[in-house]
Amino acid sequence: MISAKNVNKYFYIPEELHALKDVSMNVAAGEVLVVIGPSGSGKSTFLRCLNRLEYANSGSITIEGTEVLDPNCDINEIRAEVGMVFQSFNLFPHMSVIDNITMAQMTVRKRSKKEAEKKGMELLEKVGLAHKYNVYPDQLSGGQQQRIAIARALAMDPKVLLFDEPTSALDPEMVGEVLDVMKNLAKEGMTMVVVTHEMGFAREVADRVVFMDGGQLVEEGTPEHFFTSPEHERTKLFLSQIL
Amino acid sequence: MMNYTGLDRPKKPGYYLFWKAMFVAICLLGIGFIYAAADFVDYNWRWEQVPQYFWLDKDLEVRSEAEGDLTKIDKTAAGYTLIIQDGGHEEIVNLPPDANIFLVEGDYVYMGDTIAEYRVSKPGILLEATYVTLKVSMLAIVLGIIVGILAGLMRISENPCLRWLSVTYVELIRGSPLLVQIFLWYFVAGSLINAMLDKVGLSAIPALWYGVFALAIFTGAYVAEIVRAGVQSVHRGQSEAARALGLSGQQAMRKVILPQAFRRILPPLAGQFISLIKDSSLLGVIAVRELTKATREVISSSLMSYELWIACTIMYLVLTFALSVAVQYLERRAVR
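Protein chains in written order, with UniProt numbering: chain A, 1 to 243; chain B, 1 to 336.
Just so you know, these hints were derived from the structure itself, not from any lab. Quick caveat, the model's predicted, so the values are computed rather than measured. Any given hint could be a false lead.
[Stated by the list, open to error] Okay, the calculated bits of chain B under chain A, using three or more residues with CB under 8 Å as the criterion:
hint, segment
1, 243-253
2, 256-265
[As the list claims (entries may be wrong)] Below, a sample of chain B positions facing chain A; criterion: calculated Cβ distance under 8 Å:
hint, residue
3, Gly237
4, Gln238
5, Glu240
Beta carbons are placed, not taken as given, at the ideal position from N, Cα and C, and that holds for glycine.
Bound-form chain B, shown alone:
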């Protein structure tokens, strides 16, 4: 029970019991509604099909794509190498070391014959896509923090160029749709940058990185405002005390103001980054195969839209919840 603060009349024990029961009742009502809705659509649930998209674990048959004599089976540490020869043409089949080969040297192979069988056990498409989402989000968060702190400090600088640059940046980025920004990053800035890289003989930057840039710049604009508010919320006496000791403005900012501002801006930052994880679902439009895009792909082949969207949602919840917990931990550690 909450501690009695004394601002209001103390509550009777029944008060808490009643409202806790009310909470449970509302939750049950929500679940009941979802259940009724699912029942109403008369949908053929196939949950047992879902795990394979997270972890692929099954026997895979290898069928021949050529016809001819199996002339040689080589066993090395890396696996088997089979050579199928038909006249002058040579077909090479590579198999993993645990493969179960049904043929021996000298056998004649027809096209479509089962040559071997082996077990694959690897992350499924949705798990891989979750990893992509996680990677993109984390990179964008780190870059976004850097961009945001710089822009936030520029915003409160005395230098009009820096200040106006920051204001322009924040207003432009906050006021325009992220989807458009992603398009601009990839199709406009991206084409130009990749063409220039190509000219000097460097390889192109992959789409994923343009996605990261777009998200980081987008988040940076919000972080800038959060940082500015945080810095301005630190009591003036703190910077006076630091300056009176002989610290330069920069040193005072780094040693005294920012550490205190950081503690205060953690909760709004967490909200911003949770938003960012969900916004990364837009990167599908530039062919980054993150969670949402992968889910759509799998749905179009399996037609299990309900199960897979629910699974997709759960993965997002896992990511965002983990972030919340991490930030809460940081907050507790930095409680002073």
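For reference, chain A alone in the conformation it holds in the complex:
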């Protein structure tokens, strides 16, 4: 499904930084991959390279066989197949909830308004917010906004969903509702790449866990292996600090 090979990414502003060092990773269809690591380890950068919100400097990233780093590829077409959920939700504040969900369907997928709204209401039902279809994002709590953002991504019928620390900006009591939605998606067989600090979620839902540090992929394995018998010193140190 997704295959990343020797991905390197440099930032030059504010100062030169080798953010990703030869990162290689594969995600199979239907798999839930959780990426963990200390802040600044490059996990978000890696996620953003997958749909080219950041342009990787070298290496290869293919999604369903299409090379993302090829400058001539139709990146908009690829992005339409790759849903993304952001840490800060990034709902469109000038649109009602239902318009947030239908806008891209109509613009990119060329669906009729009726079709798009039907799909939108189904998804709102799914995330438990059908009654909020006509309010504006600023009238919703963080957890509700993030569920809407998930519905917005799902509305495009993506083949894979990328989550960039979806619960980090939420109040503790709202984390659960968002994780529940994500768990249900995993059960339905959605392919997901999740950058998170929620170790409980990783342990329970992940098919595979990847640990990144200093721009490198340090260790990967099943959650069981990962949380009970990590091999690398850095992984052990990280887990001991957060658990």
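Chain A is fixed; fit chain B onto it per the hints.
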């Protein structure tokens, strides 16, 4: 009373009362000063003469400009047609249908005789000029918005040609006097364009339109900077979210960025357009009879400079205030 925000110590009720009274006192002082100044100049105020320049409503006598026999009075739906004949010469006088004609067919008319009388009731010169100012300003605002959005988007484009064109345009236009620009538009660009139009058999573009172009291009430069700032103020996450959904850069700009930028740039845009209404007073120099030029004309014939300049100011205030109210309404509607 304002809600207590908690950032400062709560104010006592007397605080607000005192400063409200202070506001009224300052206003009264200002009015008093103006009154004293008007009294000092020992001016003969003739306010009763002013309304006629806004609405002309009076009996108008029609005097004959020829001498001869009134041979025929024709009444049609459009009015009366009088024919005065003197030898071979025929003078035709047209009158509105409500005219009161003092003569009958066959009367002999001397030059300067009162033939008829009718009532005219129509907008006066200052009202007509206000309409011209309004028209010029509105056209320039609409064109200025279009030019400004284009230039503003060019300014943040990746294409160096577009970006440099926009920077050059903004710097040149913002840095040079509007009066000079109006002259250039009308006397240089205008002569050339009108000559070319004449060559291909089209009629010339009137001065008013050159005035509109000059104002629109001038305002566009300021609007461009406002638009640029507005677009750049929209959080980066918004365009990322839009692009991540598969929208193209253009679609993201149109559906996500510009609507949000628009809400933020409304207040500075309003200020710019109020400026534009006042700047339109410069169009008098290319013979567009807008409010200021009309006021000068009327003053030179009536010598009521104080009353008419005050009236002129009030008309500008009406226009600018109406614009402020309209923009505030838009802002309230687009509060999200």
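Here is how each hint holds up against the structure:
Note: the segment 243-253 of chain B has 7 residues with beta-carbon separation from chain A under 8 Å; the three-residue rule is met and the coverage holds. Here the segment 256-265 of chain B counts 4 residues with a CB under 8 Å from a CB of chain A, which clears the bar of 3, and the coverage holds. Interface hint status for B/Gly237: upheld, as the beta-carbon distance to the closest one in chain A is roughly 4 Å, under 8 Å. Contact between B/Gln238 and chain A, as hinted, is supported at the beta carbon level, the nearest pair being about 6 Å apart and thus within 8 Å.
About 6 Å separates the beta-carbon of B/Glu240 from the nearest beta-carbon of chain A, less than 8 Å, and the hint is met.
Checked against the numbered hints given earlier, this structure breaks none of them.
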